[in-house]
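Participant: The chain contents come next:
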Amino acid sequence: MKGFDQIQQLWHGQAPEPNVSFENVLKRIKASRSSLAKKLFWQSISMGVAVAILLWMCFSVEFSTWTTYLAIAIMMGCICYYFASQLRDYHAISNSGNLLSKPQDYILYLKTFQQKRYRFNTRNYTVYEVCIAIAFALYGIEMYFALPLWTFIGLGIFVVFWFVICHVVFMKQFIRNEQARIAEMIGNLERIKDQFAENEE
Amino acid sequence: MNNQRQLFQRLFEENSKRVYHLCYGYTGDSDSANDLMQETFIKVWQNLDKFRNQSQFSTWIYRIAINTCLSYLRTAKRRATEELNDNIIENYTEEPSEKQEQIALLYKSIAQLEENERIIITMVLDEVPYPEIAEVAGISEGNLRVKIHRIKHKLTEIYNSNERV
Chain Y
0 MKGFDQIQQL
10 WHGQAPEPNV
20 SFENVLKRIK
30 ASRSSLAKKL
40 FWQSISMGVA
50 VAILLWMCFS
60 VEFSTWTTYL
70 AIAIMMGCIC
80 YYFASQLRDY
90 HAISNSGNLL
100 SKPQDYILYL
110 KTFQQKRYRF
120 NTRNYTVYEV
130 CIAIAFALYG
140 IEMYFALPLW
150 TFIGLGIFVV
160 FWFVICHVVF
170 MKQFIRNEQA
180 RIAEMIGNLE
190 RIKDQFAENE
200 E
Chain F
0 MNNQRQLFQR
10 LFEENSKRVY
20 HLCYGYTGDS
30 DSANDLMQET
40 FIKVWQNLDK
50 FRNQSQFSTW
60 IYRIAINTCL
70 SYLRTAKRRA
80 TEELNDNIIE
90 NYTEEPSEKQ
100 EQIALLYKSI
110 AQLEENERII
120 ITMVLDEVPY
130 PEIAEVAGIS
140 EGNLRVKIHR
150 IKHKLTEIYN
160 SNERV
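Each protein sequence line maps, in turn, to chains Y and F. Residue 0 is where the first sequence starts when you use numbering that gives the first Met the number 0, and the numbers rise one by one after that. Residue 0 is where the second sequence starts when you use numbering that gives the first Met the number 0, and the numbers rise one by one after that.
Isolated chain Y, as found in the complex (with noise of 0.2 Å):
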């Protein structure tokens, strides 16, 4: 039989001690860092290499119609501000300072993100959808002049059906598991707020 005194002796003579130093700490602050700035640098390529390609088209390419033109426009907003999105939330979520909050404040900070990220991907999406598929019709025309009538027509199809399975299934299933994903952390952190609201009665 052991008194508590004894327990908390226990405790301190514990071989359990932290194997990690201060310099590996530091190795994977400057590699975390690095790996964002990789991921950022990536997407930055890729976003510029998509609106160089639209700009080239827009200048090499002599397309007939004014409509083409526009579309290129559209297309080149809609990456734009995308990324522009995904760069901002990336980096609220990731250099929250509300990480030294109590779980009551870091849960009505992940509320309200949740809420922004639900807006972002549902009604925000859609306008975007709305856009890029403004600029594909925009493009059609030109296609429509360019292309045999039943390619034109198989085109057509193929883009209509490419945007139905992303709004219908691959949209839904993404807004699906990072709601999922928030949800779940909120309710981690209300378990914990409501054992000690239940002690403090």
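There's no promise every hint is true.
[Stated by the list, open to error] In silico DSS-like links for lysine-lysine, alpha-carbon gap of 30 Å or less:
#1 Y:K26 - F:K98
#2 Y:K115 - F:K49
#3 F:K98 - Y:K37
#4 F:K98 - Y:K1
#5 F:K16 - Y:K29
#6 F:K16 - Y:K26
Just so you know, the hints here were simulated from the structure itself, not pulled from any lab data.
Please arrange chain F on chain Y, whose structure you already have, making use of the hints.
Facilitator: This is chain F only, laid out in the frame that chain Y set:
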């Protein structure tokens, strides 16, 4: 930058052991505790310039550690279950001695407490001052004292019953 590095090094040296104990008590697994401790200090580093002196550095670090533990349990789908209790025993089997077995039993007993009790008791065992524990837990000091009394009793009972098995 250099000042920040020095401050960070001081915070790491002063708090890493306690944070590790908190993570170990919470997860019941030494590898996870090391990972979580590292993750906690990475977040501390990232948010160092946002610290506003509203509380002590150690309180602030504890909060980050608790939030990190909770987020970790989500990703790893882990709970302090019997499976984790087995891990604790395994971690001590390399050089088994009576003392190591007793410490393994202590961690096993801590893992059988409620989550909030685990957080509080590891801080009590590490002799964190009561006002600081109350701030981390977000409860009054008077209530904390009652609670600590109850948890000490509960842990002692669990430990002794585990020892008898």
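Participant: Work down the list of hints and note, for each, if the structure agrees.
Facilitator: Evaluated hints:
no. : hint           : result
1   : Y:K26 - F:K98  : 34 Å, violated
2   : Y:K115 - F:K49 : 23 Å, holds
3   : F:K98 - Y:K37  : 47 Å, violated
4   : F:K98 - Y:K1   : 14 Å, holds
5   : F:K16 - Y:K29  : 22 Å, holds
6   : F:K16 - Y:K26  : 19 Å, holds
Checked against the numbered hints given earlier, the structure breaks hints 1, 3 and satisfies all the rest.
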